[in-house]
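K.L.:
What follows is each chain in one-letter form.
Protein chains: 2
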Amino acid sequence: MRIAIDAMGNDNGPAPIVKGVKMFLEEGHESTVVMVGDRDRVNHAMIEEGIGLSHRLELVHASQVMEMEDKVADLREKRDSSIMRLVAELKEGRVDAMVALGNTAAAVGAATIGLKLITGVRRPGIAIAMPTRNPDRPCVVIDMGANIACKPQHLVAYGVMASIYSAKVLGLSQPRVGLLNVGEERSKGNVELRQAYELLEQAPINFIGNVEGGDIFSGDCDVVVCDGFIGNAVLKASETLASTMSTWIKEAIFATWYTKAAGMLLSGELQKMKKRLDYASYGGAPLLGVNGVCLIGHGRSRAPAVASALRTARESVTMRVNATIRENIERMRKSVRLKAVGVRTEAEPEKGSAAG
Amino acid sequence: MRIAIDAMGNDNGPAPIVKGVKMFLEEGHESTVVMVGDRDRVNHAMIEEGIGLSHRLELVHASQVMEMEDKVADLREKRDSSIMRLVAELKEGRVDAMVALGNTAAAVGAATIGLKLITGVRRPGIAIAMPTRNPDRPCVVIDMGANIACKPQHLVAYGVMASIYSAKVLGLSQPRVGLLNVGEERSKGNVELRQAYELLEQAPINFIGNVEGGDIFSGDCDVVVCDGFIGNAVLKASETLASTMSTWIKEAIFATWYTKAAGMLLSGELQKMKKRLDYASYGGAPLLGVNGVCLIGHGRSRAPAVASALRTARESVTMRVNATIRENIERMRKSVRLKAVGVRTEAEPEKGSAAG
Numbered sequence: 000m001r002i003a004i005d006a007m008g009n010d011n012g013p014a015p016i017v018k019g020v021k022m023f024l025e026e027g028h029e030s031t032v033v034m035v036g037d038r039d040r041v042n043h044a045m046i047e048e049g050i051g052l053s054h055r056l057e058l059v060h061a062s063q064v065m066e067m068e069d070k071v072a073d074l075r076e077k078r079d080s081s082i083m084r085l086v087a088e089l090k091e092g093r094v095d096a097m098v099a100l101g102n103t104a105a106a107v108g109a110a111t112i113g114l115k116l117i118t119g120v121r122r123p124g125i126a127i128a129m130p131t132r133n134p135d136r137p138c139v140v141i142d143m144g145a146n147i148a149c150k151p152q153h154l155v156a157y158g159v160m161a162s163i164y165s166a167k168v169l170g171l172s173q174p175r176v177g178l179l180n181v182g183e184e185r186s187k188g189n190v191e192l193r194q195a196y197e198l199l200e201q202a203p204i205n206f207i208g209n210v211e212g213g214d215i216f217s218g219d220c221d222v223v224v225c226d227g228f229i230g231n232a233v234l235k236a237s238e239t240l241a242s243t244m245s246t247w248i249k250e251a252i253f254a255t256w257y258t259k260a261a262g263m264l265l266s267g268e269l270q271k272m273k274k275r276l277d278y279a280s281y282g283g284a285p286l287l288g289v290n291g292v293c294l295i296g297h298g299r300s301r302a303p304a305v306a307s308a309l310r311t312a313r314e315s316v317t318m319r320v321n322a323t324i325r326e327n328i329e330r331m332r333k334s335v336r337l338k339a340v341g342v343r344t345e346a347e348p349e350k351g352s353a354a355g
Numbered sequence: 000m001r002i003a004i005d006a007m008g009n010d011n012g013p014a015p016i017v018k019g020v021k022m023f024l025e026e027g028h029e030s031t032v033v034m035v036g037d038r039d040r041v042n043h044a045m046i047e048e049g050i051g052l053s054h055r056l057e058l059v060h061a062s063q064v065m066e067m068e069d070k071v072a073d074l075r076e077k078r079d080s081s082i083m084r085l086v087a088e089l090k091e092g093r094v095d096a097m098v099a100l101g102n103t104a105a106a107v108g109a110a111t112i113g114l115k116l117i118t119g120v121r122r123p124g125i126a127i128a129m130p131t132r133n134p135d136r137p138c139v140v141i142d143m144g145a146n147i148a149c150k151p152q153h154l155v156a157y158g159v160m161a162s163i164y165s166a167k168v169l170g171l172s173q174p175r176v177g178l179l180n181v182g183e184e185r186s187k188g189n190v191e192l193r194q195a196y197e198l199l200e201q202a203p204i205n206f207i208g209n210v211e212g213g214d215i216f217s218g219d220c221d222v223v224v225c226d227g228f229i230g231n232a233v234l235k236a237s238e239t240l241a242s243t244m245s246t247w248i249k250e251a252i253f254a255t256w257y258t259k260a261a262g263m264l265l266s267g268e269l270q271k272m273k274k275r276l277d278y279a280s281y282g283g284a285p286l287l288g289v290n291g292v293c294l295i296g297h298g299r300s301r302a303p304a305v306a307s308a309l310r311t312a313r314e315s316v317t318m319r320v321n322a323t324i325r326e327n328i329e330r331m332r333k334s335v336r337l338k339a340v341g342v343r344t345e346a347e348p349e350k351g352s353a354a355g
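Those protein sequences? They're chains L and V, same order as listed. Note that numbering that gives the first Met the number 0 numbers the first sequence so that position 204 is 203, with each residue one more than the last. Note that numbering that gives the first Met the number 0 numbers the second sequence so that position 14 is 13, with each residue one more than the last.
Treat the hints as calculated values from the structure; they're not laboratory data. Warning: the hint list may mix true and false statements.
The list cannot tell twin chains apart, which means a pair is met if one copy fits it or any two copies do.
To be verified - Below, simulated DSSO-like cross-link-like pairs (lysine-lysine); rule was C-alpha separation at most 27 Å, straight line:
#: 1; residue 1: K115; residue 2: K150
#: 2; residue 1: K187; residue 2: K77
#: 3; residue 1: K187; residue 2: K70
#: 4; residue 1: K115; residue 2: K187
#: 5; residue 1: K249; residue 2: K274
#: 6; residue 1: K167; residue 2: K271
#: 7; residue 1: K273; residue 2: K259
Whenever a hint applies, use it, and build me the whole structure from the sequences.
P.N.:
What follows is the structure in structure tokens.
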């Protein structure tokens with residue numbers, strides 16, 4: 000198996016990525032990693048890490064980088080950027096999966112344009128596994144910001160794709176899929192949400208109905224389907240709340256000499272808690288719906304997160320996530336009565352802006 | 000000053016509310032509390048608490064209760080419910096403020112119909128103060144679920160009203176008002192958000208532009224304006240994440256004998272942290288935009304939260320929050336060029352469903 004990774008997609012340059020690649024390769028499974036990025040800078044980072052190119056570690060040169068502030072439109076001017084080269088590797092079949100890091104909008108744009116969407120999927124979605132009260136059942140939230148104007152048919156595809164990801168990659172049996180709403184009754188929300196509810200009921204998933212924001216963390220739901228605008232707001236609020244609370248714990252420990260002593264006694268347990276929280280940033284977030292295994296990671300990812308994203312990419316290929324998505328979406332297109340609830344079917348053209 | 004409170008709006012009956020009222024009265028300021036609810040049940044709770052009616056504690060009988068599962072439409076069948084009587088007390092001028100507890104949708108519905116909206120305000124909004132990294136500056140998020148289909152003109156009124164609440168009641172100078180979006184650039188989000196951005200720029204507030212979900216807790220923003228659907232999702236996700244992390248801390252402490260010892264050493268500091276987190280449930284959430292001071296509290300509110308909501312109601316009356324809102328909205332109606340960005344003005348009729 001061959002996995003390509005954007006070696007330039009880190010706020011601190013290639014070093015943390017090269018380090019993560021090294022960690023991944025040392026785990027000893029049979030995979031080759033293709034690093035994509037500026038030859039000199041990546042080489043320099045490799046020398047620092049004491050590793051060299053081999054049959055398990057290749058380098059593809061890309062002279063440009065999509066910076067964090069670059070827009071998707073800038074991809075046109077940056078055809079030799081690492082993200083464009085990365086997508087080309089996957090598109091042209093030289094690798095089995097890709098890990099993009101850094102500018103998320105650019106990664107979503109490049110992957111969607113380059114790899115095209117799976118037939119029947121109209122918008123790709125970013126899924127992120129969040130920690131929950133139940134340590135054995137992370138909750139996958141989709142979409143986390145790829146699509147800020149979700150139609151009912153986008154939401155139902157998200158439910159199907161994330162359910163497959165949860166089952167195949169996270170190992171959950173019969174993932175419980177919920178639709179994010181302001182209450183549990185099926186009448187809640189606007190007309191588009193009620194249509195999404197009806198479509199999700201007919202989809203080949205374990206749909207448990209409407210859920211609320213709290214169910215992301217309660218452990219009562221394994222997949223939460225929502226608009227990318229809301230997913231983005233919830234993810235970012237949660238990240239900051241968690242880090243704020245972590246800061247408070249640190250402040251509590253550093254308050255006096257005896258709380259410092261307490262901190263030492265608790266350090267092992269607090270470390271465990273930190274690991275549970277970090278779950279989200281680990282593993283990378285799959286961009287579901289594109290033709291190819293595509294993981295997206297943070298521009299601040301450290302080496303363990305990079306290694307973890309490579310592992311998730313490997314697992315996604317091994318478990319045939321995309322083939323299963325393709326089969327299920329195809330099956331759904333034939334069986335789900337989109338017309339029944341007045342939702343446009345695939346055959347009909349979609350209008351530009353939001354409709355009631 | 001006279002404040003009415005729904006004595007029936009608690010999942011555990013009148014007891015926690017009566018207890019909270021007692022706490023409030025014992026603080027010794029010159030206010031009278033009017034409890035509204037079933038005479039026998041409230042009397043029973045008063046006997047349990049060892050308090051009786053006086054010139055500072057009155058009781059208004061209401062034979063019905065809006066249960067948690069009741070819909071707004073059920074208000075028509077429950078004209079003698081405690082929430083309807085509560086609103087009537089305020090509407091008919093017998094009290095200066097009201098504290099509703101329990102069924103939020105019913106409270107919003109009853110208050111909006113009964114009290115009517117402030118001229119120029121088209122939708123009421125629920126504001127909630129959230130704890131932030133900066134202990135001196137809580138962040139007010141509006142709307143938390145009163146309005147799940149916000150138009151630009153609703154959002155700008157929310158910004159103005161919550162800014163006044165933040166300054167007058169929470170005591171923040173020049174509150175920084177942000178518009179919740181998926182990025183900071185003014186081009187982000189859909190057309191309605193871009194219109195809201197332009198309106199907020201012209202409003203008589205300290206508008207700092209677009210903010211992201213994380214800014215609710217970062218301490219960099221004092222008022223976050225958003226759609227009620229998103230506010231609801233973020234609030235509920237945050238509540239559950241915070242309680243999940245609190246559970247993890249408890250588990251960490253109860254893991255071994257030496258972590259238990261550490262827990263004892265840390266208890267004072269952890270108590271402080273808990274207090275900071277509880278900020279949200281304290282004080283009640285003002286329903287801004289209605290003609291009258293109206294606080295809304297949780298159906299699970301305990302006595303200290305009830306007392307705190309009464310205090311916030313008192314503060315809102317003293318600080319003339321609603322008069323200031325009325326003045327500012329009136330001023331804005333004259334100066335803000337709604338037409339400039341293609342937004343319907345007050346004079347034009349509003350269509351039923353979402354428009355692009």
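K.L.:
Take the hints in turn and mark each one as holding or not.
P.N.:
Now the hints, each set against the structure:
Taking the closest pair of Cα atoms, K115 and K150 come within 27 Å of each other only inside a single copy of the chain (19 Å); across copies the shortest separation is 34 Å, beyond that limit. Taking the shortest Cα distances, K187 and K77 sit within 27 Å of each other only across copies (22 Å), while inside one copy they are farther apart (45 Å). In this assembly of identical chains, the alpha carbons of K187 and K70 lie at most 27 Å apart only when taken from different copies (11 Å versus 36 Å within one copy). With identical chains, the CA atoms of K115 and K187 are at most 27 Å apart between copies only, with a shortest distance of 24 Å across copies and 34 Å within one.
Within a single copy, K249 and K274 get their C-alpha atoms as close as 16 Å, and across copies as close as 16 Å, so both meet the 27 Å cut-off. In this homomeric assembly, K167 and K271 come within 27 Å of each other (Cα to Cα) only inside a single copy, at 25 Å, whereas the closest approach across copies is 43 Å. In the homo-oligomer, the alpha carbons of K273 and K259 lie at most 27 Å apart both inside one protomer (18 Å) and across protomers (19 Å), since each shortest distance falls under that limit.
Consistency note: the structure conflicts with none of the earlier hints.
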